[in-house]
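Below, each chain spelled out in residue letters.
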Amino acid sequence: MADVLLRGRDITRRWGGVVAVNGVSIELVRGEAHALIGTNGAGKTTLVNVLSGEIPASSGSVELRGDDVTRWPQPRRARAGLGRTYQRSTIFPQFTVLENCRLAAQARYPAPWRWWEDAARCAPCIEAARAAIARAGLEGVVDRQAGLLSHGEKRQLEIAVCLATSPQVLLFDEPLAGMGAEETERMLEVLHSLRANHAILLVEHDMDAVFRIADRITVLVDGSMIASGSPADVRANAGVQNAYLGHA
Amino acid sequence: MAAIAAAVLALALFPLFGGKFGVDFVTKTMVLAILALSLELLVGQVGLVCFGQAAFFGIGAYAVVLLTPKTAAVSAAWLLPAAVGAAALYALVVGALSIRRRGVYFIMVTLAFSQMAYYVAHDTPLGGGTDGIYLDFAPSAGAIDLGRAIPIYYFTLAALAAVFAFLAVAMRSRFGRALAGIRVNEQRMRAAGFSTYPYKLAAFVLSGAIAGLAGSLFAVKDGFVNPELMGWHISGTVLMMVILGGIGELHGAVLGAFAFSLLQEFFKSHAIFGEFSKHWALGVGLAIILVVALLPRGLAGRRG
Amino acid sequence: MDLATFAVQCLNALQYGLLLFLIASGLTLIFGVMGVINLAHGSFYMIGAYMAYALAPALGGATGLGFIATMAVGVVLAVALGYALEWAFFSFLYEREHLQQVLMTYGLILVFEELRSLAFGNDVHGVAVPDAFAGSISLGGLMSYPVYRLFISGVCVALALGLYVVLSRTRLGMAIRAGSTNREMVASLGIDVKQLFRVMFAAGVALATLAGMLAAPVSSVYPGMGSQVLIICFVVVVIGGLGSVRGALAAALLVGAVDTFGKVFFPQAAGVLVYVLMAVVLLWRPEGLFKAT
Chain A
2 MADVLLRGRD ITRRWGGVVA VNGVSIELVR GEAHALIGTN GAGKTTLVNV
52 LSGEIPASSG SVELRGDDVT RWPQPRRARA GLGRTYQRST IFPQFTVLEN
102 CRLAAQARYP APWRWWEDAA RCAPCIEAAR AAIARAGLEG VVDRQAGLLS
152 HGEKRQLEIA VCLATSPQVL LFDEPLAGMG AEETERMLEV LHSLRANHAI
202 LLVEHDMDAV FRIADRITVL VDGSMIASGS PADVRANAGV QNAYLGHA
Chain B
198 MAAIAAAVLA LALFPLFGGK FGVDFVTKTM VLAILALSLE LLVGQVGLVC
248 FGQAAFFGIG AYAVVLLTPK TAAVSAAWLL PAAVGAAALY ALVVGALSIR
298 RRGVYFIMVT LAFSQMAYYV AHDTPLGGGT DGIYLDFAPS AGAIDLGRAI
348 PIYYFTLAAL AAVFAFLAVA MRSRFGRALA GIRVNEQRMR AAGFSTYPYK
398 LAAFVLSGAI AGLAGSLFAV KDGFVNPELM GWHISGTVLM MVILGGIGEL
448 HGAVLGAFAF SLLQEFFKSH AIFGEFSKHW ALGVGLAIIL VVALLPRGLA
498 GRRG
Chain C
16 MDLATFAVQC LNALQYGLLL FLIASGLTLI FGVMGVINLA HGSFYMIGAY
66 MAYALAPALG GATGLGFIAT MAVGVVLAVA LGYALEWAFF SFLYEREHLQ
116 QVLMTYGLIL VFEELRSLAF GNDVHGVAVP DAFAGSISLG GLMSYPVYRL
166 FISGVCVALA LGLYVVLSRT RLGMAIRAGS TNREMVASLG IDVKQLFRVM
216 FAAGVALATL AGMLAAPVSS VYPGMGSQVL IICFVVVVIG GLGSVRGALA
266 AALLVGAVDT FGKVFFPQAA GVLVYVLMAV VLLWRPEGLF KAT
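Protein chains in written order, with this note's numbering: chain A, 2 to 249; chain B, 198 to 501; chain C, 16 to 308.
The following block holds chain A by itself, in its conformation from the complex (with noise of 0.2 Å):
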């Protein structure tokens, strides 16, 4: 019985007279890794935005968990479960790798009346970011400024400051963007070990990589999901092949 942790149902978002999304469902299941293409404006990251929260759906409904969290704003569906990264990093330059996991996982163990107590001493915090910074692939890098760590380096930092919250619905937008071949491996690597526990929607524009992990596709153009199946079933849509896949 697929375990299904979020699905999102016939989603519409508009944006004055532009119809950024138009309708589209889709789910994710524990244990799966859900990519989802598309050219470029074609609505990718405005659907993961309403399902992580930051905008709302003009129309639809999001569901975590049997929750209908669709009127909830995106830190209430994060502590329930939800995370997600950028295209663009954001992680925070200025503190170490420790530090930025550190300060993400302190939002299950938030305390803040607890003035007089060093933010170092919260046990379970540093625990958390241990282990995402293991997961991540950055033991190396423990203590070391974000911001002087490579481009690679910087995503999968990245991924583990979603991963410190311990979130079980992973949202990555373009996890491979400006990554050389053997940075790539690696985090295909990372995100093939976290596919185990956790449902995961892929943005992605790489198309070697997206076949190789992906055991859904679904595919958007101008908004609306012209396909949806196995890498597989995919591949041989006319309508895909037309759209995208001859463009590639």
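Hints should not be assumed to be uniformly reliable.
To be verified - Covered stretches of chain B (chain C as the covering partner; in silico rule of three or more C-beta atoms under 8 Å from a C-beta of chain C):
id, segment
1, 304 to 310
2, 324 to 336
Unchecked claim - To give a feel for the contact side, a few chain C residues facing chain B, derived at Cβ under 10 Å:
id, residue
3, 114
4, 126
5, 132
For the record, the hints were derived by calculation from the structure and aren't laboratory data.
Values in this document were obtained by computation on a predicted structure and should not be read as measured data.
Every residue gets a Cβ at the ideal spot worked out from N, C-alpha and C, and that includes glycine.
Given the structure of chain A, go ahead and fit chains B and C onto it with the hints provided.
Quick look at chains B and C alone, frame taken from chain A:
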């Protein structure tokens, strides 16, 4: 740490050789340092540029005067907290309405709300009008007579040290780190699960409370309040102190308060400028422009 | 309140609102397009008023023609001042953080205030209403209203229309509107952004200065007038929405009405009402009444 201890020691010993004018000047500067610390919390730690700090300062001052009856002194033990509470309450209202606004809007809205307080003091009978109101009795604090220069000096020094220590500790706590995260990247904080609005509002109220404390000490020291205490020149001056001393470090705010006060005294000095000293604001204005243009990190600001 | 008094107050509110719009439009455009928050904008209003005070006797300002000449000279001086200030000072502010802009323009206010104090002292001065516009005119037999105030409103309406025409029908206006949404795009369209900014800034200064000159006979000329009008303009711009000229007009008229009628009905609380209005609007529409044009 050693530098801070030395500074506290220097301030503690100053009255021994400072003279009447010196003690008065340093007391006033220490009050402004507390005000500057309140603004550093907002600007340096959370990244909220507030141009309305004068309102909380003035409300703290006016509360002391208005809550002291004409007949007898009241205990500082509840008068000062009451003044702080009044300022914090106004900060709660202003913050609730302003914090949802970004950047420039926030600056303009906080300025406008502080003008609102100014007009209440200036135009309504509550504020005593432009003439201001005198404090009939300094609050009583046991054996200490706060109406005299030396006791209020040390009382203010103790308050400054307490506020500094409190902020230093609090900024290292989870609350403080969350504020720092909000300053650097609010989006990431929200994505991790922090509801950022309550944090910002709490910081704003805390900042208003500390500013109110500074105001209440000012009223006790001067024995007199007038609407100019809520004027936006105060807001501009304290913002200048924070940037002069350097944003991002608590000691920067204190340093900036002293540096700016000395700068102002320099331009006001009859000995140096003679007749022109009555136009000291010109020198100060030019100094502000030059400092901001040439020393963006101030004297001791955060590096990176 | 009888009809005649009500009508008078309406006209007063209109005149005040239109004057505010003149000043606020410059402020909102300068921020919307150039991203600069200029605390010293109110100082230009003050400079205009003091210019009227200084120039009037020299140019025989009491006659109609002399007054127009005074205003023309004032506008030319203002444009020159605007150009010079933009080149020497404001052009350095574009890329800076808001905090730095706030402080540097705050320093500029202090400098302007002291220069004024050096030149004119700190007394309150009056400026005579020019003879050509002195006296009152009967409106519909209902009541009489000062001609000069109608003149002010008339000039403001004309300028507002001119602003509308420039913004919506000229290439300059297109560049301005494009610039308020996307600065880089404007540059890539081949428009000289530096010149555009300089012209816009000078125009903003001229509008504020002109407003000061127009207002001098009715509001008198005094040291705090710049700061006072600046903060009201901030309220106007916040209510109207930063960058929106339409919003500035609507908000200015609203503020004019609230302030004028507030003074009539609640003289004690008059100064505060405008801020209460701002608080109410913020609660209802945090982005202001209009988005940027």
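Indices of hints not satisfied (ascending):
2
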